[in-house]
Amino acid sequence: MSYMDSKMSQHGLIGSESDSQRTLYPYVTGTSVVALKYKDGILMAADMGGSYGSTLRYKTVERMKPIGKHSLLGASGEISDFQEILRYLDELILYDNMWDDGNSFGPKEVHNYLTRVMYNRRNKFNPLWNSLVLGGVKNGQKYLGMVSMIGVNFEDNHVATGFGNHLARPILRDEWHENLSFEDGVKLLEKCMRVLLYRDRSAVNKLQIAKITEEGVTISPPYSLKTFWGFSAFHNPTVGAEGSW
Amino acid sequence: MFRNQYDTDVTTWSPAGRLFQVEYAMEAVKQGSAAIGLRSKTHVVLGCVNKANSELSSHQKKIFKVDDHIGVAIAGLTADGRVLSRYMRNECINYSFTYESPLPVGRLVVQLADKAQVCTQRSWKRPYGVGLLVAGLDESGAHLYYNCPSGNYFEYQAFAIGSRSQAAKTYLERRFENFMDSSREDLIKDALMAIRETLQGETLKSSICTVAVVGVGEPFHILDQGTVQQMIDAFDIAGEREAPAPEPDEAEEQGAAEEQGVVAEPGDGADQGGATDEGVAPMDI
Numbered sequence: 001m002s003y004m005d006s007k008m009s010q011h012g013l014i015g016s017e018s019d020s021q022r023t024l025y026p027y028v029t030g031t032s033v034v035a036l037k038y039k040d041g042i043l044m045a046a047d048m049g050g051s052y053g054s055t056l057r058y059k060t061v062e063r064m065k066p067i068g069k070h071s072l073l074g075a076s077g078e079i080s081d082f083q084e085i086l087r088y089l090d091e092l093i094l095y096d097n098m099w100d101d102g103n104s105f106g107p108k109e110v111h112n113y114l115t116r117v118m119y120n121r122r123n124k125f126n127p128l129w130n131s132l133v134l135g136g137v138k139n140g141q142k143y144l145g146m147v148s149m150i151g152v153n154f155e156d157n158h159v160a161t162g163f164g165n166h167l168a169r170p171i172l173r174d175e176w177h178e179n180l181s182f183e184d185g186v187k188l189l190e191k192c193m194r195v196l197l198y199r200d201r202s203a204v205n206k207l208q209i210a211k212i213t214e215e216g217v218t219i220s221p222p223y224s225l226k227t228f229w230g231f232s233a234f235h236n237p238t239v240g241a242e243g244s245w
Numbered sequence: 001m002f003r004n005q006y007d008t009d010v011t012t013w014s015p016a017g018r019l020f021q022v023e024y025a026m027e028a029v030k031q032g033s034a035a036i037g038l039r040s041k042t043h044v045v046l047g048c049v050n051k052a053n054s055e056l057s058s059h060q061k062k063i064f065k066v067d068d069h070i071g072v073a074i075a076g077l078t079a080d081g082r083v084l085s086r087y088m089r090n091e092c093i094n095y096s097f098t099y100e101s102p103l104p105v106g107r108l109v110v111q112l113a114d115k116a117q118v119c120t121q122r123s124w125k126r127p128y129g130v131g132l133l134v135a136g137l138d139e140s141g142a143h144l145y146y147n148c149p150s151g152n153y154f155e156y157q158a159f160a161i162g163s164r165s166q167a168a169k170t171y172l173e174r175r176f177e178n179f180m181d182s183s184r185e186d187l188i189k190d191a192l193m194a195i196r197e198t199l200q201g202e203t204l205k206s207s208i209c210t211v212a213v214v215g216v217g218e219p220f221h222i223l224d225q226g227t228v229q230q231m232i233d234a235f236d237i238a239g240e241r242e243a244p245a246p247e248p249d250e251a252e253e254q255g256a257a258e259e260q261g262v263v264a265e266p267g268d269g270a271d272q273g274g275a276t277d278e279g280v281a282p283m284d285i
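Chain order of the listed sequences is A and B. Numbering-wise (full-length UniProt numbering), the first sequence opens with residue 1 and increments by one. Numbering-wise (full-length UniProt numbering), the second sequence opens with residue 1 and increments by one.
Just so you know, these hints were derived from the structure itself, not from any lab. Predicted, not measured: the structure shown is a model, and the values here were computed from it. Any given hint might turn out to be false.
To be verified - One side of the interface only, derived from the structure: several residues of chain A facing chain B at Cβ under 10 Å:
1) Lys108
2) His111
3) Asn112
4) Gly151
5) Phe154
6) Trp176
To be verified - Some chain A residues flagged as far from chain B (calculated, every beta-carbon gap over 12 Å):
7) Ser104
8) Val110
9) Lys138
Said to hold, decoys possible - Quick look at which bits of chain B chain A covers, simulated, 3 or more residues with Cβ under 8 Å:
10) 95-103
11) 125-135
We treat Cβ as the ideally placed atom computed from N, Cα and C, and that holds for glycine.
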């Protein structure tokens, strides 16, 4: 352990000595999630890949799940931590339903709950290694927010995690506008996902698009994006460099 | 209620299936000075009578703001009431912090009731000696609840607790059907009238009562004395008797004094503006 770590563990500040109980690095990870607000609610897209380091190991990982009646959660980062978060939320929604009193948690409440959970874990040096996207509609109000693994949270009209921040957000900043129709929203998301597919090495060409409106959640069945590789530079790539492949 | 051999412990049942200590706790509520509450679709008004022990002392605070959307009026052991208000404030603020959303009144009231119930089932505790009228807003509208020392809670359109609350209850019973659609001003006016009913003839002034309001777009706040006195004057109800309700039970009229014997009141005709007899009858029955 580093000098600082050993000092901190002496003072009981860094958790148990064995360190096997803390998350140190992620193992099976999901890549970007992209989401935007449109006319009737929220649209969210994520591919179905679970990478094991540099191996694209799992190709049918559902990284978006409905939460309660009004919310949709998408996650990138450690998949097992995402599953743990789903268990926490399951319990939260269960207790909320047990009140049976006409009140229910909307996306804002769930988002803030998640912020508290992520921040508290970060303070214990045992983070849930995820970037979460939480979207939903309640009583006509659309909500879209993000929480990072260190508890940073914010709301916006369009959000993305991981590589999506660098590749998709600029597209969204240029082309997003209020009251996108469903078709335009999907086209915009597919444009972002296509760029990510070309440029993010941990992306797989199998994605789902989810929508949440006042009526509820629909997650599309998995499908693939059409890609184009017929660039002239890809024909005879070794033409300028004999011996390479 | 008389002393009996089953009333020493809260954990002792009587053969008739009663917990006397809990019932005695409810007696304590009846001894406290009156508190009333009423609600419409969009607003809830709480009012209470503030009687100081002596001219030298100030009066006890009986209405507490619990959160922007919830307030409570108490009757009974004020100290117990303060402690429970602190609990309620804590619950609200913790919920707000975790969920960035106001705690629904209905849930707070259940938590409060469960807390009260604990004290009815531990031999080393005693029931809280305070009744709480909880006024609040949530997704489903405006609500008024009454929490009992027994751990029961009920939702009300209008209610009154404390000493001489029966007079206020009778007044409210006559008019409650109209409350749902009342305006904010009418609701406050009805609250002041109900408070006045409990005063048994004493003049209603803002120095002896407190009124608080919560509504859609209006956070819970206690109206200041000046405003209350203005309203008392404006509605002209300081010493006056009850104006006819929309469906009047007694057909007394104040201005049109010609009709005599509409209600068989002895002696005084309605010439006197109906001021003398009207309010007396309901309370005396």
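Would you settle whether the hint for tryptophan 176(A) is holds or violated, based on the nearest Cβ-Cβ distance to chain B being less than 10 Å? With a closest approach of 25 Å, the tryptophan 176(A) hint is violated.
If we take the beta carbon of lysine 138(A), is the closest beta carbon in chain B still more than 12 Å away? violated (9 Å)
Is the claim that serine 104(A) lies outside the interface with chain B correct, judged by CB distances over 12 Å? violated (8 Å)
Any CB of chain B closer than 10 Å to the CB of glycine 151(A)? violated (13 Å)
Hint check: is the beta carbon of histidine 111(A) less than 10 Å from a beta carbon of chain B? Cβ of histidine 111(A) sits 8 Å from chain B, so the hint holds.
Examine the region 125-135 of chain B for residues whose CB is less than 8 Å from any CB of chain A, and state whether their number is three or more. violated (count 0)
Status of the phenylalanine 154(A) interface restraint (C-beta, 10 Å, chain B): violated (13 Å)
Taking a Cβ-Cβ distance under 8 Å as contact, does the region 95-103 of chain B have three or more residues in contact with chain A? holds (count 5)
For the hint on lysine 108(A), does the least C-beta distance to chain B fall short of 10 Å? Given a least distance of 6 Å, the restraint on lysine 108(A) holds.
If you take the shortest Cβ to Cβ gap from asparagine 112(A) to chain B, is it below 10 Å? holds (4 Å)
Say whether it holds or is violated: valine 110(A) keeps its Cβ farther than 12 Å from all Cβ of chain B. Violated: least Cβ distance 8 Å, not greater than 12 Å.
Violated hints, listed in ascending order, are 4, 5, 6, 7, 8, 9, 11; each of the other numbered hints is respected by the structure.
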